[in-house]
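Student: Taking full-length UniProt numbering, I'd label the letters of the sequence shown as residues 1 to 407.
Among the hints, a few may not be true.
Said to hold, decoys possible - Here are the computed lysine to aspartate or glutamate pairs in the EDC-like style, where the Cα-Cα straight-line distance is at most 16 Å:
{"hint": "1", "residue 1": "Lys97", "residue 2": "Glu114"}
{"hint": "2", "residue 1": "Lys223", "residue 2": "Asp177"}
{"hint": "3", "residue 1": "Lys383", "residue 2": "Asp315"}
{"hint": "4", "residue 1": "Lys385", "residue 2": "Glu368"}
{"hint": "5", "residue 1": "Lys283", "residue 2": "Glu268"}
{"hint": "6", "residue 1": "Lys168", "residue 2": "Glu189"}
{"hint": "7", "residue 1": "Lys357", "residue 2": "Glu337"}
{"hint": "8", "residue 1": "Lys165", "residue 2": "Glu47"}
{"hint": "9", "residue 1": "Lys354", "residue 2": "Glu344"}
{"hint": "10", "residue 1": "Lys386", "residue 2": "Asp315"}
{"hint": "11", "residue 1": "Lys178", "residue 2": "Glu189"}
{"hint": "12", "residue 1": "Lys215", "residue 2": "Glu145"}
{"hint": "13", "residue 1": "Lys35", "residue 2": "Glu114"}
To be verified - Label-pair restraints from in silico Cβ distances:
{"hint": "14", "residue 1": "Ser193", "residue 2": "Val93", "range": "53 to 59 Å"}
{"hint": "15", "residue 1": "Ser331", "residue 2": "Val49", "range": "39 to 45 Å"}
{"hint": "16", "residue 1": "Lys388", "residue 2": "Lys257", "range": "41 to 47 Å"}
{"hint": "17", "residue 1": "Asp265", "residue 2": "Gly128", "range": "39 to 45 Å"}
{"hint": "18", "residue 1": "Lys257", "residue 2": "Glu189", "range": "33 to 39 Å"}
The set of hints was computed from the structure by calculation and includes no laboratory data. Backbone N, C-alpha and C fix where the C-beta goes; we use that ideal spot for every residue, glycine too.
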Amino acid sequence: MANTYDLIIIGGGPAGLSAAIYGGRAKLKTLIINKGTVGGLVNTTREIVNYPGYGQISGSDLMLDFKKHAESFGVEFLRDVVVSTDFSQEDKVIKTKKVKEFTAKAVIIACGSEPRLLNIPGEKRLQGSGVAYCATCDAEFFKGEDVVVIGSGDQAIEEGMYITKFAKKVTVIVLHDKGILDCNKVSAERAFSKEKMEFIWNSTVEEVLGEESVKGVKIKNLKTGGSSELECQGVFFFVGMVPSTQYLKESGVEMDKRGYIPVNDLMETNLNGVYAVGDNRVKYLRQVVSAAGDGATAAVAAERYIEELNAFKTDIANSYKKVLLVFFNASNTESLEFSSLMEELQREHNEDYKIVKVDLATKKNLAEKYEIKAVPAVIVLDKGKKVKELGCTMDKAKLKAQIIQLL
Numbered sequence: 001m002a003n004t005y006d007l008i009i010i011g012g013g014p015a016g017l018s019a020a021i022y023g024g025r026a027k028l029k030t031l032i033i034n035k036g037t038v039g040g041l042v043n044t045t046r047e048i049v050n051y052p053g054y055g056q057i058s059g060s061d062l063m064l065d066f067k068k069h070a071e072s073f074g075v076e077f078l079r080d081v082v083v084s085t086d087f088s089q090e091d092k093v094i095k096t097k098k099v100k101e102f103t104a105k106a107v108i109i110a111c112g113s114e115p116r117l118l119n120i121p122g123e124k125r126l127q128g129s130g131v132a133y134c135a136t137c138d139a140e141f142f143k144g145e146d147v148v149v150i151g152s153g154d155q156a157i158e159e160g161m162y163i164t165k166f167a168k169k170v171t172v173i174v175l176h177d178k179g180i181l182d183c184n185k186v187s188a189e190r191a192f193s194k195e196k197m198e199f200i201w202n203s204t205v206e207e208v209l210g211e212e213s214v215k216g217v218k219i220k221n222l223k224t225g226g227s228s229e230l231e232c233q234g235v236f237f238f239v240g241m242v243p244s245t246q247y248l249k250e251s252g253v254e255m256d257k258r259g260y261i262p263v264n265d266l267m268e269t270n271l272n273g274v275y276a277v278g279d280n281r282v283k284y285l286r287q288v289v290s291a292a293g294d295g296a297t298a299a300v301a302a303e304r305y306i307e308e309l310n311a312f313k314t315d316i317a318n319s320y321k322k323v324l325l326v327f328f329n330a331s332n333t334e335s336l337e338f339s340s341l342m343e344e345l346q347r348e349h350n351e352d353y354k355i356v357k358v359d360l361a362t363k364k365n366l367a368e369k370y371e372i373k374a375v376p377a378v379i380v381l382d383k384g385k386k387v388k389e390l391g392c393t394m395d396k397a398k399l400k401a402q403i404i405q406l407l
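Take these sequences, add in the hints, and give me the full structure.
Tutor: Encoded structure:
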C-alpha cells in the first residue's frame with residue numbers, strides 16, 4: 001500500500017509541480033517521480049521576467065517556490081528514473097530504475113524535453129570537454145576563452161549573451177542571411193550591441209575539432225559551399241529540443257513522429273486516466289506559464305476521473321441491488337424529461353433497484369466504458385457488469401414493463 005497513489009506525476013518541472021499543487025490541494029495522494037533536480041531545465045534559466053507576479057526571478061528560485069507550495073499540500077517526491085509503464089488496467093503501473101513499482105489511479109506525464117543533438121563529428125566525443133548545452137551550467141568554465149554558439153533562437157541568443165560575461169569572445173553561427181535571427185526582437189537588438197558577440201551568417205557547423213578537448217569548429221558556408229576552420233575552446237549547441245518520451249514507446253500512449261504526445265483540452269491522452277502536460281506534449285507555446293496552466297488543467301481532470309472511478313466502485317460495483325445507469329445531458333431537454341420519468345418509476349419500486357444518473361458533460365468515462373453515443377440511454381448493471389440496455393421511451397407503462405421484466 002505504501003507504493004499506491006491516487007496520482008503519480010512523471011517529471012518535476014513547472015508543469016509537473018503545478019499539477020502536484022492542484023492534486024495535493026484536492027486531497028489526492030500525490031507522488032512526483034523526477035530523474036534529476038526538481039524544476040528541470042527551468043533551473044538553468046538565469047533570469048525569468050515574464051512569469052506573472054514575480055517581475056524578475058531566477059528559474060531555480062521560481063521552481064523552489066513551486067516545490068515548497070506542493071510540499072505544503074503533502075505531495076511526495078522521489079528522485080528516480082521511470083523505465084517502464086503499464087497503463088492497460090484501471091490501476092496504472094510504473095516501474096523505476098531502482099527496481100521500485102508504483103500504482104496509481106491516474107498518471108500525468110510531465111517529463112519535458114532535452115536538448116537536440118546535431119550528431120556531427122566530434123559532438124558526442126567532446127561532450128563535457130568543451131561541448132556544452134547549458135550556459136548557466138557551464139559558461140564560467142570558459143572564462144577568457146573563445147566560444148562558439150550554434151543556433152539563433154531565443155535560447156541561443158539569450159544564453160550567448162550570458163556567456164559573454166565570462167568568455168573573451170562569443171561567435172554565433174547563423175543559418176540565415178545577415179541580420180536575421182530567430183529570436184525575439186528585443187534579444188536580437190541587445191545581442192547586436194554586445195561588443196564581445198560576433199556573427200557568422202549563412203553558415204552551419206560541420207565538425208567539432210579537437211582530440212582531448214575542443215580546439216575549434218569546421219564551418220560550412222551554405223551559399224558558397226566553402227569550408228573554413230575557426231579556433232575556439234568551447235561550443236554551445238542550442239538547436240532545439242526533443243521530448244523525453246523514449247520510455248513510453250511500448251506504453252500505448254499515442255505520440256507523433258517526433259515523440260510529442262497529442263492531447264485534448266483536458267490534457268487527456270488516448271488512454272483513460274493518462275494525461276500529458278508541458279514540453280512533452282504537442283503545443284504552440286513552451287514557456288513556464290503555459291506549462292503551469294497545463295498542469296493545473298490535467299490535475300483537475302484527473303481529480304474528476306478519480307472521483308468517477310471511486311463513485312463507480314461505491315455506488316455501482318459494490319451495490320447488492322441492480323443498478324440502472326441513466327445517461328443524460330443537462331442541455332438536452334428530452335434526456336432531462338426521461339431521467340425525471342425514471343426517478344418517478346423508481347419511487348414506485350425503490351426496494352428493487354437503484355438509479356445512478358450520469359451527466360455526459362461531467363462523467364464521460366462511464367459513457368465511453370459502455371459505448372454510449374446518444375442520450376437518453378439506460379444500462380442495467382448487476383455488480384458492475386452490464387446485463388441489458390433498456391429501450392428509452394416516454395411511455396410510462398412500456399418503460400415500467402421493461403423494468404419489471406428485468407427484475
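Student: Against the earlier hints, flag every one the structure doesn't satisfy and list their numbers going up.
Tutor: 1, 6
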